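Asker: As a plain string of letters, each chain reads:
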Amino acid sequence: MVTKPLTKNIDMSRPPLDIAGYEANEGYQSLHAIAKGLSPEDVLQLVKDSGLKGRGGAGFPTGLKWSFVPSGDNSPKQKYLVVNADEMEPGTFKDRLLMEGDPHLLLEGMLIAAYTIQASKAYIFLRGEYTVSEQALRKAIKEAYEKGYLGKNILGTGFDLDIIMHTSAGRYICGEETALLNALEGKRANPRAKPPFPQVSGLWGKPTIVNNVETICNLPGILTYGVDWYHGLTKGNDHGTKLFGVSGKVKTPGCWELPLGLPIRELIENYAGGMQDGLELRGFLPGGGSTDFMLPEHLDITLDYDEIAKVGSRLATGTMIVLDDKTCPVGMVGNLMKFFAHESCGFCTPCRDGLPWVDQIFRDFENGLGSEKDLQILHDHVTYLGPGRTFCALAPGATAPLGSGLKHFKEDFEKHITEKRCSYKH
Amino acid sequence: MSQQVIASTAKKARKLSAEEIAEIEHEMTLYPDKKAVGLEALKIVQKYHGWVSDESLLGIAKYLDIPVADLEGVATFFNLVYREPVGKNVILFCDSVSCWIMGCEGIKGHIKQQLDIDYGETTEDGDFTLIPVPCLGDCDRAPVMMVGPDLHRNLTPEKIDSIISDYKNK
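Taken in order, these protein sequences are the chains called S and A.
Note that the first sequence covers residues 4 to 429 in this note's numbering.
Note that the second sequence covers residues 3 to 172 in this note's numbering.
These aren't lab readings, by the way, just hints derived from the structure by calculation.
Since the structure is predicted, the reported quantities are computational estimates derived from the model, not experimental observations.
Please note: incorrect hints may appear among the correct ones.
What the hints assert, rightly or not - Cross-link-like lysine-lysine pairs, in silico, DSSO-like; alpha carbons within 27 Å at most:
(1) S:80 to A:36
(2) S:254 to S:428
(3) S:254 to A:161
(4) A:36 to S:145
(5) A:13 to S:145
(6) S:190 to A:13
As the list claims (entries may be wrong) - Have a look at the derived ranges for each label pair, beta carbon to beta carbon:
(7) S:78 to A:168: 48 to 58 Å
(8) A:13 to S:414: 14 to 24 Å
(9) S:155 to A:19: 55 to 65 Å
Backbone N, C-alpha and C fix where the C-beta goes; we use that ideal spot for every residue, glycine too.
Generate the whole structure from the sequences, applying the supplied hints.
Answerer: Right under this line is the structure:
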């Protein structure tokens with residue numbers, strides 16, 4: 004039985020499987036199942052039943068998202084599928100593995116998603132720096148066209164699909180789905196107001212679904228092996244497997260496909276080999292730079308969306324950044340603030356002006372110039388840049404490590420003020 | 003610097019080359035709207051010239067018949083579109099959180115020392131330009147950086163020295 008549907012074909016010591024190799028390992032079976040008579044409604048029901056949640060960070064149920072796309076004769080004829088392959092969340096390195104390691108899995112998933120929402124055009128929005136992913140995907144797309152799996156009237160279904168590679172040119176904000184749509188339309192990547200949501204009015208005003216790479220890569224398994232199999236994969240409350248990563252000063256950093264629901268301890272201590280010799284675990288960001296710090300006392304919490312939410316953080320991308328006891332927490336949060344300040348699109352004032360202010364205060368702390376008043380200003384920004392106060396989720400994302408860092412590493416901030424220096428520097 | 007931010011309309015649009023036009027025309031078949039091709043066209047021009055000059059930007063705007071200001075807005079938004087000349091090899095240096103924890107500041111210091119350039123600068127011989135880049139998504143092999151299209155992982159000062167000499171000799 005398949006237990007690692009996302010990575011079963013991945014072996015980074017060789018090039019990814021070509022279409023023949025991929026098919027020999029049960030690839031594209033979902034497409035043949037569709038050709039044998041699965042309707043878009045059938046597929047939508049399967050995806051809803053699977054309980055798949057988006058793997059890009061927000062964790063929104065995929066089937067529900069798709070169901071908002073208008074269907075039927077009165078709906079706009081042109082609909083779009085867009086794959087968000089703009090992986091740029093600090094500390095996140097999972098979509099790269101999928102695209103470099105098994106590009107046909109993404110294409111098969113895209114066929115399923117596009118068929119369900121009846122989109123005849125799909126764009127892969129790939130970050131420009133992912134040059135190896137680009138080559139792997141371009142080769143796979145060419146093979147899929149040659150085989151008749153892309154193009155017109157695929158396998159006699161009457162369904163057409165063109166997949167177009169769009170390589171982007173930087174900027175973290177492009178990962179925000181409405182900013183991504185603006186970028187794809189050739190505009191500055193400022194986010195759009197919601198509503199209307201992209202499902203109704205997205206790319207060029209047409210119904211559009213934007214899904215993350217890993218989300219899409221879950222689909223072939225669900226159709227090929229069934230919902231019951233998918234539900235059997237998990238060890239927790241949420242369904243399926245997920246890519247989990249660990250970076251920072253652990254013995255064996257890496258990225259692994261694991262069932263949801265394992266204790267965090269198992270990921271950090273067994274898979275990542277625990278902390279490097281002489282170092283202690285101080286805390287960790289569970290799912291990239293926009294998540295709240297968790298502490299060693301949380302190690303027995305399971306890798307589930309809801310379980311991690313209960314302690315005030317988010318599973319998000321599932322790629323953990325580990326803080327050790329010899330690395331300055333103030334410096335780590337400061338590094339993240341510099342990132343978010345730099346990557347603000349500049350559209351709304353709290354984010355454009357607030358984040359550089361926060362960044363400057365962290366630079367002052369680093370140089371021994373921090374004061375109690377600065378600390379209060381940082382606390383104020385956690386509120387003023389929080390959810391509902393800004394145009395998109397970038398600044399609220401920044402407040403996650405900021406607010407939790409201020410709370411959990413209070414003594415380190417205080418020490419920077421009283422000692423007028425960073426005591427982690429020798 | 004500031005006077006160069008908006009492409010001066012006093013300058014003359016450059017006539018795009020046949021190769022550039024062929025590639026831009028191909029992109030136009032992939033998007034329903036020619037404005038969407040603007041960024042693609044900037045990247046195509048940059049591929050041939052290393053950067054996007056005012057003359058090139060005006061040439062693209064003219065060819066696609068889109069407002070110069072809109073195209074400049076896009077060109078200056080995206081960090082991988084270069085509006086100033088860059089060296090033969092652009093170093094995209096990751097200084098995001100995982101690389102920071104793994105000591106990228108020391109690596110950057112070493113590059114700075116070896117090449118005598120800081121962020122945004124180009125070596126005198128024109129071989130290298132150093133630019134920071136958001137998280138390169140290879141955090142389990144931090145610190146990392148790109149030189150041109152190539153990713154380099156698990157960086158050490160010794161590795162930097164050999165990477166620099168490899169590209170110098172290319």
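Asker: Now tell me, hint by hint, if it's right for this structure.
Answerer: For each hint, the structure was consulted:
{"no.": "1", "hint": "S:80 to A:36", "verdict": "holds, 21 Å"}
{"no.": "2", "hint": "S:254 to S:428", "verdict": "holds, 23 Å"}
{"no.": "3", "hint": "S:254 to A:161", "verdict": "holds, 21 Å"}
{"no.": "4", "hint": "A:36 to S:145", "verdict": "holds, 24 Å"}
{"no.": "5", "hint": "A:13 to S:145", "verdict": "violated, 41 Å"}
{"no.": "6", "hint": "S:190 to A:13", "verdict": "holds, 24 Å"}
{"no.": "7", "hint": "S:78 to A:168: 48 to 58 Å", "verdict": "holds, 55 Å"}
{"no.": "8", "hint": "A:13 to S:414: 14 to 24 Å", "verdict": "violated, 58 Å"}
{"no.": "9", "hint": "S:155 to A:19: 55 to 65 Å", "verdict": "violated, 33 Å"}
Checked against the numbered hints above, the structure violates hints 5, 8 and 9; every other hint is satisfied.
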